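Asker: Residue numbers (our numbering), protein chains in the order written: chain C, 1 to 201; chain B, 1 to 277.
Worth flagging that the hints you see were computed from the coordinates, not collected in a lab. Any given hint might turn out to be false.
Said to hold, decoys possible - With a straight-line cut-off of 25 Å between C-alpha atoms, the simulated BS3-like cross-links for lysine-lysine are:
hint	chain 1	residue 1	chain 2	residue 2
1	B	LYS191	B	LYS41
2	B	LYS161	C	LYS64
3	B	LYS112	B	LYS191
4	B	LYS83	B	LYS191
5	B	LYS83	B	LYS41
6	B	LYS41	C	LYS56
7	B	LYS83	B	LYS116
8	B	LYS161	C	LYS56
9	B	LYS161	B	LYS191
Please read these numbers as outputs of a predicted model, since none were measured by experiment.
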Amino acid sequence: MQISTDLGVWIAAIATIGIISFAFKDNPLYRLVENVYVGVSAGHAIVLGWINIRDKAIEPMIQKGDWSLLVPVILGVLLYTRYSKKLSWLSRFPLALLVGIGTGLAIRGTIGSQIVSQINGTLLPLNSANNILIVLGTLGVLTYFFFSVEHRGALKSVSTFGRYVMMVSFGAAFGSTVMGRMALFIGRLQFLYSNWLGIIK
Amino acid sequence: MLDRLARMDRRVIYAVVFLSLSIPLIWPIGLGVSVGPETQKLYDIIESLPSGSAVIVSMDTSPGGYGELASGTTALLNHMARKGLRVIGMGFFDTGPSLLETAFGGSEFRNKEYGKDYVNLGYLAGGETAIAAMARDIPGSFPRDYRGNVTSSLPIMEGIKSVRDVALIVTISSGTPGVPEWIRQVGDPMKVPIATVLVAVNVPNMTPYIQAGQLKGMIPSMKGAAGYESLMGVRGLGTAGMDAQSVSHLVILAFVILGNVVHLASKKPGVSKGGVR
């Protein structure tokens, strides 16, 4: 057992214990660590934002004379007019541009990747249990969300099967969530026992 | 007895789970590790790449997610370092590049030459739009790397203009932008293979992309990391954590069953209702 002498490791260890201590009871150490985390995250984001503007706008304009970049810079500044009642209407222009470009890009990709390719991925030969499950499961879930006709008779059976498929999926999602949370906690415990306390290698 | 169980303090459950994680970490049991097919696929892809191939590793996660992804990322980077691959790192989360520095420092890349064998290009704001822009012009999107060097002057960037010049993209993912955005903007339209190191919560949602062949491989959480380490024949953080993971799952399973038994029994007349406080 060799306890770390690194100040950074000690700070990280105390912060970890502070956050975990909330599971027992709310306490001053937890609130201190939480506030420090929020502050550090905000400061980190501001610095990175500034580096982005410096590298991708200011330097190319001043050093290379690429003054076309003034257009996005002005549009970016206009976003801050939201804080003025008189000028807030100006912020709609960059916002509209952001929404338009974002939506256009997402729709272009969504149709191909998340509709056409996913349908292709479901058109499978029924030669294995996996393939049969995938095809029947997809049809069942789609039937469950088909509301134009009342679910009776055979349609009800298929729809019920679709509901069971979704329940299995929710169970898998919950199981994965538990696995993920445990993995996170294990990561912190490995840090505490290894890097900080030196109990394990 | 059932009444006492129904009114059990939730902190008792926390304490038992804590012990179930700590004891196997300190005294390992040596339970077996299985390798999932999606993890095997990613391993095979890396094995098939010739030495010197360029790959992109995008750190699209925050410190909260990286705790779960560190073991898988380290195993993957070690494999890439051993294969002699050139790793171009970047991030579309603002915390990504600093985590990438940690990841490189904790892997075998710490013994490699920065700028020649690996590089951290830093953070690009804009989420999915930024990914689309970067895909067409990597040096233009990152004029300087995370350490302030001019990107185009680095030897590793020789011959690298767009993502079409790289053999594989791996997103270390825990949110948005993540796997769907990479597939929408790069994987499908530009026909570049995409793989991921993924948090467990997102695995059920991303599995259809594996099924459809849009996602070429995956290291799901710590379990995937342990599988990857076993393929490499090493014992790393993932393998070390799997005993704790398995024991804690058994404990949670026992609590779920116990909770249901108590709940069903409390419905009978004569047993008071209760719940975990």
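Asker: Which numbered hints does this structure break?
Answerer: 3, 6
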